[in-house]
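2 protein chains.
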Amino acid sequence: MPDLYDVAAIGNAIVDVIAPATDAFLAENGLTKGAMMLVDPKASAALYSKMQSAVEASGGSAANTIAGLASFGGKGAFMGKVADDQLGRVFAHDMRAIGARFENQPLVGGPATAVSMINVTPDAQRTMCTFLGASVEFTDSDVDAATVEAAKIVYLEGYLFDAEAARRAFAKAAALAHGAGRKIALTLSDSFVVERHRGGLLGFIETQVDLLFANEAELLALFETTSFDEACEALRTRCDLAAVTRSDKGSVILSQGERLTVKAEPVEKVVDTTGAGDQYAAGFMFGLSRGRPLQACGQLASLAAAEVISHYGPRPQVPLKDLAASRGY
Amino acid sequence: MPDLYDVAAIGNAIVDVIAPATDAFLAENGLTKGAMMLVDPKASAALYSKMQSAVEASGGSAANTIAGLASFGGKGAFMGKVADDQLGRVFAHDMRAIGARFENQPLVGGPATAVSMINVTPDAQRTMCTFLGASVEFTDSDVDAATVEAAKIVYLEGYLFDAEAARRAFAKAAALAHGAGRKIALTLSDSFVVERHRGGLLGFIETQVDLLFANEAELLALFETTSFDEACEALRTRCDLAAVTRSDKGSVILSQGERLTVKAEPVEKVVDTTGAGDQYAAGFMFGLSRGRPLQACGQLASLAAAEVISHYGPRPQVPLKDLAASRGY
Numbered sequence: 003m004p005d006l007y008d009v010a011a012i013g014n015a016i017v018d019v020i021a022p023a024t025d026a027f028l029a030e031n032g033l034t035k036g037a038m039m040l041v042d043p044k045a046s047a048a049l050y051s052k053m054q055s056a057v058e059a060s061g062g063s064a065a066n067t068i069a070g071l072a073s074f075g076g077k078g079a080f081m082g083k084v085a086d087d088q089l090g091r092v093f094a095h096d097m098r099a100i101g102a103r104f105e106n107q108p109l110v111g112g113p114a115t116a117v118s119m120i121n122v123t124p125d126a127q128r129t130m131c132t133f134l135g136a137s138v139e140f141t142d143s144d145v146d147a148a149t150v151e152a153a154k155i156v157y158l159e160g161y162l163f164d165a166e167a168a169r170r171a172f173a174k175a176a177a178l179a180h181g182a183g184r185k186i187a188l189t190l191s192d193s194f195v196v197e198r199h200r201g202g203l204l205g206f207i208e209t210q211v212d213l214l215f216a217n218e219a220e221l222l223a224l225f226e227t228t229s230f231d232e233a234c235e236a237l238r239t240r241c242d243l244a245a246v247t248r249s250d251k252g253s254v255i256l257s258q259g260e261r262l263t264v265k266a267e268p269v270e271k272v273v274d275t276t277g278a279g280d281q282y283a284a285g286f287m288f289g290l291s292r293g294r295p296l297q298a299c300g301q302l303a304s305l306a307a308a309e310v311i312s313h314y315g316p317r318p319q320v321p322l323k324d325l326a327a328s329r330g331y
Numbered sequence: 003m004p005d006l007y008d009v010a011a012i013g014n015a016i017v018d019v020i021a022p023a024t025d026a027f028l029a030e031n032g033l034t035k036g037a038m039m040l041v042d043p044k045a046s047a048a049l050y051s052k053m054q055s056a057v058e059a060s061g062g063s064a065a066n067t068i069a070g071l072a073s074f075g076g077k078g079a080f081m082g083k084v085a086d087d088q089l090g091r092v093f094a095h096d097m098r099a100i101g102a103r104f105e106n107q108p109l110v111g112g113p114a115t116a117v118s119m120i121n122v123t124p125d126a127q128r129t130m131c132t133f134l135g136a137s138v139e140f141t142d143s144d145v146d147a148a149t150v151e152a153a154k155i156v157y158l159e160g161y162l163f164d165a166e167a168a169r170r171a172f173a174k175a176a177a178l179a180h181g182a183g184r185k186i187a188l189t190l191s192d193s194f195v196v197e198r199h200r201g202g203l204l205g206f207i208e209t210q211v212d213l214l215f216a217n218e219a220e221l222l223a224l225f226e227t228t229s230f231d232e233a234c235e236a237l238r239t240r241c242d243l244a245a246v247t248r249s250d251k252g253s254v255i256l257s258q259g260e261r262l263t264v265k266a267e268p269v270e271k272v273v274d275t276t277g278a279g280d281q282y283a284a285g286f287m288f289g290l291s292r293g294r295p296l297q298a299c300g301q302l303a304s305l306a307a308a309e310v311i312s313h314y315g316p317r318p319q320v321p322l323k324d325l326a327a328s329r330g331y
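Line order of the protein sequences matches chains F and C. Heads up, the first sequence is in this note's numbering, so the first residue is 3 and it goes up one at a time. Heads up, the second sequence is in this note's numbering, so the first residue is 3 and it goes up one at a time.
Next comes chain F alone, as it looks inside the complex:
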């Protein structure tokens, strides 16, 4: 198979609704700062009616990663499910506008396109309430074999462990990818996702995952420990390569015998942390797909994360390719 794509991703196809919020607003609405909570349409509408004036932007964790990859000049493909509605067309437009492959047919007659209500507090933390809508109707029949087999890395979004059909789609993608000699990458997505699916995730990581992305909280949740070193040690035996992000403390890359530390890129003012992990994964996999050394992959990752947290919204606003060139990365 030719290398048509640097990364093919499977994730929830979501449009973000982003508004500023106060800490009091989170408290009043029972929201845990920094987390992602699943909500039904009624709760979503009720929350929306109380939120401030918002802007809408295509989101979805793995989709944001593909947007970041494209911004570096990488070639991406995305698989996910939107509905045949206005927000679904927005999501599809934005994916194709960046030059990524996105060919899954929209869902007709089912729930609406997924939306994530993102409340951004003055400390730049984002708190998400997601109505998954059409995105949970993604099944293994939506996994395009030719796309998976033509991608250097197949990237899976941990959030999808919440849907049984998506877990089957992951199994199919992993089998196809490995059958074609491709790598499987996974992001743990959220510590509550890890709590809900610890066993399933561990099993999947041990048997299928070549490259794992996690933040510190997710990693600690995975191994039920409070010791970062212990968690890193546990992960190292289960996975060839892993990148663990630690906010402003930078990130740690674990590879067979190695443990590399990568500094966070300085940011003048952190505005909105939405998409930080997604863009980190974008930079890392772009570097990897271009054969860059791990330390350089980490630098590209940190650069992409720094760009996205310096403004509202989950996707880069300047070409990451130019930004990387200007830093000599």
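Just so you know, not all the hints are guaranteed correct.
Copies of the same chain look alike in the list, so a pair counts if it works inside one copy or between any two.
As a list, the in silico DSSO-like pairs of lysine-lysine whose alpha-carbon atoms are at most 30 Å apart [stated by the list, open to error]:
# : residue 1 : residue 2
1 : Lys251    : Lys323
2 : Lys323    : Lys35
3 : Lys271    : Lys323
4 : Lys265    : Lys35
5 : Lys265    : Lys251
Hints in this document: simulated from the structure, not taken from any laboratory.
Chain F is fixed; fit chain C onto it per the hints.
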């Protein structure tokens, strides 16, 4: 009637789709930089398919003005027509989230909510292609008498001169407003609108308008002259009060015997001029409704315009009330 509102506005209820673009893109698609072009759904979709990845935000000229007024701490009401669809709910949410009255029922079974495809070139100019959709279904029956009669200023968006039903709605609003001793304000909106409706606009200004907003190009188009002074003189005899914006040259306020000049607020980097005129009108009418002298109204207007052109999107991103306080305005 009590003063329930500082400003009640009638305008097109539009959601903006905002993307960066090159000058070459405008040329390839036959777009006139800085102008607003009306497009049908087919042309709108065709253009969208060629545009870069975008963000969506509630827009509409007069609606943006009401958002700016609210940001200053003013009380606004908006009348306009959305469809019963996702973007219509976005528009309504954003209007209510800022504390403005917006009670027009969405249109069922007709065209979709209006969208404006806004291409922003590197020189920060915005070029708009608007599909008016449901917004042209606004009729005089959508003008709420109690709202009009309870507003210090009733603000009308010139763009609506393109729709005959809306012109009747303007006539109704003007009669109600003047009957209740209220003021009518009008913005000319766009020089092509002026070209299309010069006679109708002049007649309406002479008989109904107490306060006119225009930019230099619109004013010159109205009086078919290339002399700014001549146009100001012509306007002065037709209208009690007018504010004419001249981009970075500031603005001119014409009142009976007076001609005041207001400087533009300095802006570090102009990013996107969308909403500049709308926010100018917001600041001016907020000042006026609070009994501030004309020079101060102009300063508030310039401040609001400067804020909105310093970022993407047509509405303020910081509370204009705080910004004004920080400048001592």
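A quick look at each hint next to the structure:
{"no.": "1", "hint": "Lys251 to Lys323", "result": "within (24 Å within a copy, 37 Å between copies)"}
{"no.": "2", "hint": "Lys323 to Lys35", "result": "between (32 Å within a copy, 28 Å between copies)"}
{"no.": "3", "hint": "Lys271 to Lys323", "result": "both (22 Å within a copy, 23 Å between copies)"}
{"no.": "4", "hint": "Lys265 to Lys35", "result": "within (25 Å within a copy, 44 Å between copies)"}
{"no.": "5", "hint": "Lys265 to Lys251", "result": "within (7 Å within a copy, 46 Å between copies)"}
Checked against the numbered hints listed earlier, the structure breaks none of them; every hint is satisfied.
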